[in-house]
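This is what each chain is made of:
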Amino acid sequence: MIISDAQQIKMLSSSEMDLIHEGTCRVLSQIGVKVTHEDIAELLVSKGAQRKGDRVLIPKNMVEKALADTAKTIQFDAPNPDYGFTVNASENQAKFGTGGQALYMVERTSEGWKEKLAGAHDLKQILALCDQLENVDFITRPVECDVPEDQMDVEKAKIFRDYSSKPMNLANLFKRDRLDEVLDIIGDPAYVSFIVCLVSSPLVMDTPSGDKLKAIVEKDLPVAISSCTQGGSTAPFSEVGELMQLNAEVLFGYVLANAIRPGAKVLYRGIPITSNLYSDGSPRWCQPESIRRVALATQLCRYYNIPCCATAGVSDEAEPSAQAISEKVLCWTYIIASGGHYINSALGMLNQVMSVSLDQYVIDDILLKIVKEKFKKNESKEVSHLAMDAMVEGLKLFGITVDEKIEEELRARIEHVEKSLEPYNEDNVSQQVDIIEKAVTQSGGSTVFMKASRVGLRKGYLYTGNRIDSPLDLTRVDERLEAVSIPE
Amino acid sequence: MSEQELLNELEHVILMGHINEEDEGLDGTMQGTPGTEELVKKALEEGIDPEKLLKTFGKAMEKVGEKFESGEFFLPDMMASGECVGNAMEIVEPKLAAGTSYEKGKFLIATVQGDLHDIGKNIVATMIKGAGYHVKDLGIDVPADNILEAIKEYEPNFVGLSALLTTTMTEMEQVVKRIREEGYSDIKIFIGGVPTSQEFADKIGADHHCKDAMEALNKLEKVRDAS
Ligand code: B12
Numbered sequence: 006m007i008i009s010d011a012q013q014i015k016m017l018s019s020s021e022m023d024l025i026h027e028g029t030c031r032v033l034s035q036i037g038v039k040v041t042h043e044d045i046a047e048l049l050v051s052k053g054a055q056r057k058g059d060r061v062l063i064p065k066n067m068v069e070k071a072l073a074d075t076a077k078t079i080q081f082d083a084p085n086p087d088y089g090f091t092v093n094a095s096e097n098q099a100k101f102g103t104g105g106q107a108l109y110m111v112e113r114t115s116e117g118w119k120e121k122l123a124g125a126h127d128l129k130q131i132l133a134l135c136d137q138l139e140n141v142d143f144i145t146r147p148v149e150c151d152v153p154e155d156q157m158d159v160e161k162a163k164i165f166r167d168y169s170s171k172p173m174n175l176a177n178l179f180k181r182d183r184l185d186e187v188l189d190i191i192g193d194p195a196y197v198s199f200i201v202c203l204v205s206s207p208l209v210m211d212t213p214s215g216d217k218l219k220a221i222v223e224k225d226l227p228v229a230i231s232s233c234t235q236g237g238s239t240a241p242f243s244e245v246g247e248l249m250q251l252n253a254e255v256l257f258g259y260v261l262a263n264a265i266r267p268g269a270k271v272l273y274r275g276i277p278i279t280s281n282l283y284s285d286g287s288p289r290w291c292q293p294e295s296i297r298r299v300a301l302a303t304q305l306c307r308y309y310n311i312p313c314c315a316t317a318g319v320s321d322e323a324e325p326s327a328q329a330i331s332e333k334v335l336c337w338t339y340i341i342a343s344g345g346h347y348i349n350s351a352l353g354m355l356n357q358v359m360s361v362s363l364d365q366y367v368i369d370d371i372l373l374k375i376v377k378e379k380f381k382k383n384e385s386k387e388v389s390h391l392a393m394d395a396m397v398e399g400l401k402l403f404g405i406t407v408d409e410k411i412e413e414e415l416r417a418r419i420e421h422v423e424k425s426l427e428p429y430n431e432d433n434v435s436q437q438v439d440i441i442e443k444a445v446t447q448s449g450g451s452t453v454f455m456k457a458s459r460v461g462l463r464k465g466y467l468y469t470g471n472r473i474d475s476p477l478d479l480t481r482v483d484e485r486l487e488a489v490s491i492p493e
Numbered sequence: 095m096s097e098q099e100l101l102n103e104l105e106h107v108i109l110m111g112h113i114n115e116e117d118e119g120l121d122g123t124m125q126g127t128p129g130t131e132e133l134v135k136k137a138l139e140e141g142i143d144p145e146k147l148l149k150t151f152g153k154a155m156e157k158v159g160e161k162f163e164s165g166e167f168f169l170p171d172m173m174a175s176g177e178c179v180g181n182a183m184e185i186v187e188p189k190l191a192a193g194t195s196y197e198k199g200k201f202l203i204a205t206v207q208g209d210l211h212d213i214g215k216n217i218v219a220t221m222i223k224g225a226g227y228h229v230k231d232l233g234i235d236v237p238a239d240n241i242l243e244a245i246k247e248y249e250p251n252f253v254g255l256s257a258l259l260t261t262t263m264t265e266m267e268q269v270v271k272r273i274r275e276e277g278y279s280d281i282k283i284f285i286g287g288v289p290t291s292q293e294f295a296d297k298i299g300a301d302h303h304c305k306d307a308m309e310a311l312n313k314l315e316k317v318r319d320a321s
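Protein chains in written order, with my numbering: chain A, 6 to 493; chain B, 95 to 321.
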């Protein structure tokens, strides 16, 4: 889908973006990234980085060179050529895909929703279904196969080859030395892309992921460099602090990828969500403050003018529900408007990335269509209105009566997404850099971030509102599921 | 300041999760004022009986627990108070007579090899330390050899293992097997992490599965009471 320039939102001014960029460069040049992979550390040093103990410090000019060198357009081909597409950094074009590595499948039974461990058979079913859903543009591996780890890549490739005709994002490569075999099975490397979580938060490079990134980039395959910080546990609770750390972790990946191969086909995948500090610290993927932060990361990526792999629509709900619908629609709308190009985890995902459901893929396919239409029909309308209209229509379509109370709740969420609760200034940047440094240099870093979050918690950084609780009418889903063919 | 005033103040700073002069405390205003560590040192210098300090820690943590139950306190508040007590114990410990009854036991904790997840493990470690146990945290991605070496050296009563990936659950199984094979049959093994369950614990020969830090604390206290 394409959005108009008027619909593209910028929640920060360009000087605020500059501030985040400068703060990020401070994080990278002062604190750096812990690298225990000797070859990678040497490679970075040969390009201008410095070593300080086990940390590698990246100077600003290296970051800016990587941003200049990196690929600005990336082509994704598919077995069915009609499904191929190009991501162009400067365009407002959004494509949607699945996502995952979920542990469970949620299934509808006569006693309600039931969770079961996911495996190869589920992967086949999901791929077959998504091949027939019109709003799925590409497939990111939703669940893994239930086979030993050293066979995972090959097994997964075979299922992708047999059940998908769309661009294929295999996500995690388990064994680097199986890459050639995987490409042989798929038949054409141009269909394939990956995701690498290179840096564990806060600021530690994962050694095996370094090797995997190298193997993928050397083959000139597209790869999303991913960081999923959790404000309050693996990153500052402050949005300013979290954005800087997240950006530093992703841009470190850009520096490395472009050191391996200038012009590397890298996508920016920044997922700055929050930790539920009201309860057990679990991640909040689709709550208003997380939607705001992911939107800001998406906008930051567009500020750099590089291809953006955004993540939108991972509900925190354990099963298909009215609440899940409202979360997903709000999230997609803001991420689309923020300029996300290659939006994954957009369909099927529940339970904080831990579950997927065939029913949810169909629900999301229907909902995405509504969101797309809202953008298309109202080229100049503000995103807050588009989000409201789409949420209301989406809920109604599944049998929910949207009364004033629900509307009020939806409005409060939109307000939270749009409102900044923190100053964007030098003082805040310095304070956040200090917290990051402290967390990085002490063991049990997550406790540093947690302790530093007490004031923000009381300032309302985490949205508190009401769940939308109402039974769903799934007639449409049944009809759709009956009309598709999926392996028994 | 009288002894009672000092103990009251100590209870207050623990409640506010004010660890030392450097942190801001619960309400963000306490930086630069004496925190738990400073007050504990002062109390010891003034000759206050260490047992009275321990009582104060217990009283403060009880209040923290109540405030958490009632919704006034949140996870970070509890963590900060837990850390206050954990750090204070390290200062008080050398002053206590060996083998005194408040030695709750030693807890060794680690995230198994291949796994980098530590948020949950850190919460568990902090809370257990705050409850008065000795905690040794080996960190993340810890090979079985290192865990066994640490057991030999540290002689824990309890070992806690964390795994968040289905792929590292098998590593957890190996670690438990090695611990038992090396003859440590008395050590109680606690496991946790999203993909694990009591069923899995039973299968691999671990003693307890805990779904969160609270359950870990409860089970730990029960096991200790039973022995
Ligand atoms: C945060 C996170 C990360 C962070 C970790 C940061 C960190 N410093 O820990 C990062 C981004 C680094 C990460 C990386 C990866 N992750 Co991850 N991650 C998560 C996430 C979103 C949250 C985990 C968390 O912190 N929860 C909050 C804490 C408080 O809860 P907890 O850990 O469960 O701990 C509580 C209890 O379980 C218990 N407990 C835990 N340990 C112990 C130990 C003892 C002794 C006791 C008594 C109790 C106990 O008490 C704790 C406190 O209440 C989960 C999804 C989820 N919702 O759980 C995925 C998840 C665990 N990750 C997953 C994956 C796949 C990965 C990666 C492989 C991604 C990739 N493609 O590269 C890498 C693997 C890296 C590695 N080798 O470990 C999958 C696992 C799926 C599977 N099939 O195994 C999950 C389920 C998400 C998903 N579906 O994709 N991840």
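Don't read these hints as lab results, they were simulated from the structure. Since we're looking at a predicted model, the values are computed, not measured. C-beta atoms are modelled at their ideal positions from N, C-alpha and C, and glycine is treated no differently. Don't take every hint at face value.
Heads up, incomplete: computed chain B residues facing chain A, CB under 7 Å, no partners named [to be verified]:
1. Met124
2. Leu169
3. Pro170
4. Ile217
5. Pro237
6. Ala238
7. Asn240
8. Leu259
9. Met263
10. Gln292
11. Phe294
12. Ile298
13. His303
14. Asp306
Simulated DEER-style distance windows between Cβ atoms [unchecked claim]:
15. B:Ser291 - A:Asp474: 51 to 61 Å
16. A:Asp44 - B:Glu309: 53 to 63 Å
17. A:Arg416 - B:Ser291: 12 to 22 Å
18. A:Asn471 - B:Ser291: 28 to 38 Å
19. B:Glu293 - A:Lys374: 53 to 63 Å
20. A:Arg472 - B:Gly233: 30 to 40 Å
21. B:Glu309 - A:Asp478: 29 to 39 Å
22. A:Asn93 - B:Glu247: 33 to 43 Å
23. B:Lys149 - A:Asp474: 24 to 34 Å
Status of each hint after checking the structure:
{"no.": "1", "hint": "Met124", "verdict": "violated (11 Å)"}
{"no.": "2", "hint": "Leu169", "verdict": "holds (5 Å)"}
{"no.": "3", "hint": "Pro170", "verdict": "holds (4 Å)"}
{"no.": "4", "hint": "Ile217", "verdict": "holds (6 Å)"}
{"no.": "5", "hint": "Pro237", "verdict": "violated (14 Å)"}
{"no.": "6", "hint": "Ala238", "verdict": "violated (17 Å)"}
{"no.": "7", "hint": "Asn240", "verdict": "violated (15 Å)"}
{"no.": "8", "hint": "Leu259", "verdict": "violated (10 Å)"}
{"no.": "9", "hint": "Met263", "verdict": "violated (11 Å)"}
{"no.": "10", "hint": "Gln292", "verdict": "violated (16 Å)"}
{"no.": "11", "hint": "Phe294", "verdict": "violated (12 Å)"}
{"no.": "12", "hint": "Ile298", "verdict": "violated (17 Å)"}
{"no.": "13", "hint": "His303", "verdict": "violated (16 Å)"}
{"no.": "14", "hint": "Asp306", "verdict": "holds (5 Å)"}
{"no.": "15", "hint": "B:Ser291 - A:Asp474: 51 to 61 Å", "verdict": "violated (28 Å)"}
{"no.": "16", "hint": "A:Asp44 - B:Glu309: 53 to 63 Å", "verdict": "violated (43 Å)"}
{"no.": "17", "hint": "A:Arg416 - B:Ser291: 12 to 22 Å", "verdict": "violated (41 Å)"}
{"no.": "18", "hint": "A:Asn471 - B:Ser291: 28 to 38 Å", "verdict": "holds (32 Å)"}
{"no.": "19", "hint": "B:Glu293 - A:Lys374: 53 to 63 Å", "verdict": "violated (42 Å)"}
{"no.": "20", "hint": "A:Arg472 - B:Gly233: 30 to 40 Å", "verdict": "holds (37 Å)"}
{"no.": "21", "hint": "B:Glu309 - A:Asp478: 29 to 39 Å", "verdict": "holds (38 Å)"}
{"no.": "22", "hint": "A:Asn93 - B:Glu247: 33 to 43 Å", "verdict": "violated (58 Å)"}
{"no.": "23", "hint": "B:Lys149 - A:Asp474: 24 to 34 Å", "verdict": "violated (46 Å)"}
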